[in-house]
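Those protein sequence lines, which keep their order, are chains G and W.
Residue numbering for the first sequence follows our numbering, starting at 1 and increasing by one per position.
Residue numbering for the second sequence follows our numbering, starting at 1 and increasing by one per position.
Simulated from the structure, these hints should not be mistaken for laboratory data.
Note that beta-carbon positions come from the ideal geometry of N, C-alpha and C, so glycine has one too.
Possibly wrong hints are sitting among the right ones.
Just some of the chain W residues that point at chain G, by a computed CB distance under 8 Å [said to hold, decoys possible]:
(1) W69
(2) P72
(3) R103
One-sided and incomplete, this derived list gives chain W residues near chain G with beta-carbon spacing under 7 Å [what the hints assert, rightly or not]:
(4) L52
(5) F81
(6) S83
(7) A85
(8) P88
(9) G99
(10) V226
(11) F229
(12) H258
Computed beta-carbon distance windows for the label pairs [stated by the list, open to error]:
(13) W:N10 / G:L120: 25 to 31 Å
(14) W:S162 / G:G278: 38 to 44 Å
(15) W:D21 / G:L120: 32 to 38 Å
(16) G:L120 / W:G39: 24 to 30 Å
(17) W:P37 / G:G117: 31 to 37 Å
(18) W:Q17 / G:W113: 39 to 45 Å
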Amino acid sequence: MANMVRRHTTSARLWRTGLYTLLIVAALVYLLPLVVMLLTSLKPLDDIRAGGLLSLPSTISFEAWSKAWGSACTGMRCNGMSGYFLNSIAIVVPAVAISSFVGALNGYVLTKWRFRGANLCFALLLFGCFVPFQVVLMPMARTLGWLGLASSTSGLVLVHVVYGIAFTTLFFRNYYVSIPDEMIAAAKLDGAGFWRIFWRILLPVSGPIITVTVIWQFTQIWNDFLFGVSFAGFDSQPVTVALNNMVNTSTGVKEYNVDMAAAMIAALPTLVVYVLAGKYFVRGLTAGSVKG
Amino acid sequence: MSALNIRHVNKTFGSTQVLKDISLAIDSGEFLILVGPSGCGKSTLMNTIAGLEPVTSGEIRIGDDDVTWHTPSERDIAMVFQSYALYPSMNVRQNISFGLEMRKMPKAQREEAVSRVAELLKITPLLDRKPSQLSGGQRQRVAMGRALAREPQIYLFDEPLSNLDAKLRVEMRTEIKKLHQRLGTTIVYVTHDQIEAMTLADRIAVMRDGEILQLGTPHEVYNDPVDMFVAGFMGSPSMNFLPVTLVSHASGYALQVHDEEQGGTALTLPWPVERDTQELSARVGERLILGLRPEHFLEDDAIQEASGEGARLEVTATVVEPTGADTLLQAWLGGSEVTTRLGPKSRVVAGDRVVLRADLSRAVLFDEKTQRRLA
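Just need the whole structure built from these sequences, with the hints factored in.
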């Protein structure tokens, strides 16, 4: 802590050095898998066969990346990850948008238009956060069948929206609880109705929690494998399922560099989102806990 | 015709009744203050007027309209909140014009209204700022501006000054009074601060436990309280209550102040003949409560001695608190400690024997059990 008086004796300095060394080593250990993946994805296959995991590539080649993207075989087809990447986007964008919007609306109603049983309603929604994926697989499959949405992108979007609403409602409800009711009363007296208050008063101050929710939902849905593999059709499989199919292929030569590149491609969007908006994520999670 | 008419309004939350048969009427241009301790129902009453809480039974009329079941936006009302409740995402200009925009006022007129109000409240330089960039006093002004811009029939103020520091509170109090005198607006104002109530109101409604105990001008409420609660609540320091026994004395009555420690009578105060009432004659020999405000005690001096005004009594000062404008002195009288307000020139120190005169012509008498006013 910088805001504390501290003695600068030799033993104190030794402690500090030891502490920082430990922290740096820990950070390196955590970074290692990423480094190995990155290095491997840039190596030609010969390098991989010859050298160790951590050896530097003899020549840097992006061939593995382009193969993973465009022509690697995932099961029967050999068109790379690109199509599945787009599938994932087609699932994630509407699913995140819809679940976040519904969560915001739920949070708004549960805090500012309270009704008899609102707390019970919230408790039940909260319960949804603790239901494991596996439990809903069978009922969800039946439901999608009834709705005629089996094996479609819309079906997967629906699954993710339904599953995500519990979390998004929790986020927005806890954020809106800290917004004074008097502000809503003032808007009512000013003549604004249910939707106007939501759009004009509440949403403009929801920036931090929208960021949190979008990051959370994006990461969850993008990284989802189980729902994807269970409910997606042949044409709507997300990138995670494609990655699995590619890496688990038992025929032909094992191309580790292509596998690594594919894994990086699959992980990239969540990394980008986190890097771009991560500071708001932490800020939003703690919003309201400290005054000001 | 009344601007606001509340008839037999009841409000219950579950099994607790927070408003009990409230009826009151306010004339156009009147400044009414609802005052009382927290939990007395004054804020609930205000919320029912605003339409933020439905009433359980009763009727609320604004002008000629029965608005009991109108939504807040359908009632022609503006409200200033304790927390100001400004919209954080909008600047001051947008905050003020939001209500006008919702009421579909054309843009040119909105801008005119904003600049009129901004000038009135001296917030023109702040129009493009966000609420977070304003001080407490400035936010308070913006909140008032938002209400004023709408020019509603009735303004509601919910403890608007209680978040301000002491100095600013007094300034804003004066400013609200000036605004009211200038614009002649109809105002219902909730506060728990009896000084705000006294200084601002045309009429005060003192509330407790969901009932209006007394509704009257500040002068009436202060000088003619209906019971011990109103008497004790209004005025600072509070009125002194002394247990006394009413006795016949010469041509009229006198009050014997009990000596709680040693028993017997500490002193006898003659009750002014001109304040005798029929009711008192039936009460001779009973224990009553005498109410004397701190300023009803005077330091004995030559002039008063000559005129023989007030009842003379001798006390020992226990605590002396000079406030600058005057000196508060606490002393034991009979079995109770009384607070008296002496002039700023008083040089009394704790422990002194002081000769005081009690001005019984302004004192009040209460029934000990019912706490109702007797005389």
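Against the structure, the hints come out as follows:
| no. | hint | in the structure |
| --- | --- | --- |
| 1 | W69 | violated, 15 Å |
| 2 | P72 | holds, 4 Å |
| 3 | R103 | holds, 5 Å |
| 4 | L52 | holds, 5 Å |
| 5 | F81 | holds, 4 Å |
| 6 | S83 | holds, 5 Å |
| 7 | A85 | holds, 4 Å |
| 8 | P88 | holds, 5 Å |
| 9 | G99 | holds, 4 Å |
| 10 | V226 | violated, 33 Å |
| 11 | F229 | violated, 29 Å |
| 12 | H258 | violated, 50 Å |
| 13 | W:N10 / G:L120: 25 to 31 Å | holds, 28 Å |
| 14 | W:S162 / G:G278: 38 to 44 Å | holds, 41 Å |
| 15 | W:D21 / G:L120: 32 to 38 Å | holds, 34 Å |
| 16 | G:L120 / W:G39: 24 to 30 Å | holds, 28 Å |
| 17 | W:P37 / G:G117: 31 to 37 Å | holds, 33 Å |
| 18 | W:Q17 / G:W113: 39 to 45 Å | violated, 25 Å |
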